[in-house]
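Colleague: Construct all of the structure, not just a fragment, from the sequences and the given hints.
This note's numbering puts the first residue of the sequence shown at 6, with every later residue one more than the last.
Any given hint could be a false lead.
What the hints assert, rightly or not - No more than 27 Å apart at the CA atoms, straight line, and that leaves these computed lysine-lysine pairs for BS3-like:
(1) K22 / K70
(2) K238 / K305
(3) K238 / K328
(4) K318 / K335
(5) K335 / K316
(6) K328 / K305
(7) K316 / K336
(8) K238 / K316
(9) K113 / K316
(10) K328 / K316
(11) K259 / K335
(12) K259 / K316
(13) K328 / K230
(14) K316 / K22
(15) K176 / K259
(16) K318 / K259
(17) K238 / K259
(18) K305 / K113
(19) K113 / K22
(20) K336 / K318
(21) K230 / K259
(22) K305 / K335
(23) K336 / K113
(24) K230 / K316
(25) K305 / K318
(26) K328 / K318
(27) K305 / K259
(28) K230 / K305
(29) K113 / K318
(30) K336 / K305
(31) K316 / K305
(32) K259 / K328
(33) K113 / K328
Don't read these hints as lab results, they were simulated from the structure.
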Amino acid sequence: MTEDDIGERTKQDWFVKVIATLQFLHLALSLIVRTSQGVAFSQLETISVGFTVCGAIIYLLYFYKPQGLQAYFVTGAQLVDPRRIGGNRQKLLFKRKYDGFWDVLRNKRKADEETDSLSKTVVERIPNDNIPISQNQWAHPGIFLLALTSALFEALHAIAWNFEFPTLVEKILWHIATIASAASPVAGLLLIPVAQLTISSGDAHAFLGNCLRLVRESSWHLHDKEAAQRVYKRLEAAYLQRDTNNDNAQVYYKDIFFADGATAAVPYLIIELLNAMGDSAKTGDPDKAPWLNSIPNEFKSDFCNLVRIMKGKESKTLNVNAKTNVFPVKKWLPEWINNLVLYLTSALYVLARVSILAVGFSSLRRMPASVYENTPWTVYIPSVGSG
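Modeller: Quick look at the structure:
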């Protein structure tokens, strides 16, 4: 499917675009003329300016994209046997090249495009909130753009800062809502890169040594002992490196445990054995897994976190630091605090937006007389609904 094929089938609704453009120009020019002549306009018109500017930007961003393309093409995508995933229909299997909006906010990646088939995703359709994957470990570049555009959009409501309001309470509410709606998304979004800072949570060499012992002891319980042996050799090679700045000492744990498909079961078996140790302590059976009793409890928690990181369930900064010469590490700011701030700022933003709309409509009951005056020569510009 070539770009020319898509272009030939694209159906742009130019009539709607022209009408929308004329409406935008009429509103913008009308407000400019009224401001220059000292004629008042309503708070609701100020709100309309913000929506109009957003609409114009969206039009520009979507201008080059194909629209109304009602045609199908047969692709060479890999299909998944429905018996493997449940259901009756075959589904597509491909390497994910995008993240969802919520994954971007948490700086997590749904799947790594560089991993093997374990990271391929079964989908029926690509969601609407797909965002191209970024290699930036601190935050997606779109976060900073979203913070800037959100602040600028809400700052447009400051145009009505000194307008006449029916009551002083409504004027104060407009001021507070304008500030809150502009500041809350910036505060919530800019906390994301700050929350990615990490600190050490233990000795990296000692953690690597405990990993060696776990793999050695658990290999006796594995059906695929050759896979465990390969993992053990990779861990031992890194452990014997005295110079931590050596490339052989800076190995990603994912490259050790997931270097081939057969090793994918190894870390999960180890977690099961660690859980068995915890169960034996509760049941009073210390001989259930005696070799695990000497391993520190902190290691169990760190190793469980490592497995989550290797499976792509933690932030990108932790993925970058999941190396034999660095890990264990943890975020200096707990993830629940980051999520709490996102929820609170989102709730504050919604409340502020609703307040702005409410004051905008309530102000219509008592407007300055000049709001109803017609401005000259803008009446000659055609628009839908203009008198």
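Colleague: It remains to establish, for every hint, whether it holds in the given structure.
Modeller: Consistency of the hints with the structure:
no., hint, result
1, K22 / K70, "holds (14 Å)"
2, K238 / K305, "holds (21 Å)"
3, K238 / K328, "holds (16 Å)"
4, K318 / K335, "holds (14 Å)"
5, K335 / K316, "holds (16 Å)"
6, K328 / K305, "holds (17 Å)"
7, K316 / K336, "holds (18 Å)"
8, K238 / K316, "holds (21 Å)"
9, K113 / K316, "holds (11 Å)"
10, K328 / K316, "holds (14 Å)"
11, K259 / K335, "holds (17 Å)"
12, K259 / K316, "holds (8 Å)"
13, K328 / K230, "holds (24 Å)"
14, K316 / K22, "violated (46 Å)"
15, K176 / K259, "violated (57 Å)"
16, K318 / K259, "holds (13 Å)"
17, K238 / K259, "holds (14 Å)"
18, K305 / K113, "holds (23 Å)"
19, K113 / K22, "violated (37 Å)"
20, K336 / K318, "holds (14 Å)"
21, K230 / K259, "holds (19 Å)"
22, K305 / K335, "holds (14 Å)"
23, K336 / K113, "holds (13 Å)"
24, K230 / K316, "holds (22 Å)"
25, K305 / K318, "holds (17 Å)"
26, K328 / K318, "holds (16 Å)"
27, K305 / K259, "holds (17 Å)"
28, K230 / K305, "holds (22 Å)"
29, K113 / K318, "holds (7 Å)"
30, K336 / K305, "holds (17 Å)"
31, K316 / K305, "holds (17 Å)"
32, K259 / K328, "holds (8 Å)"
33, K113 / K328, "holds (18 Å)"
Against the hints set out earlier in the document, violations occur for numbers 14, 15, 19.
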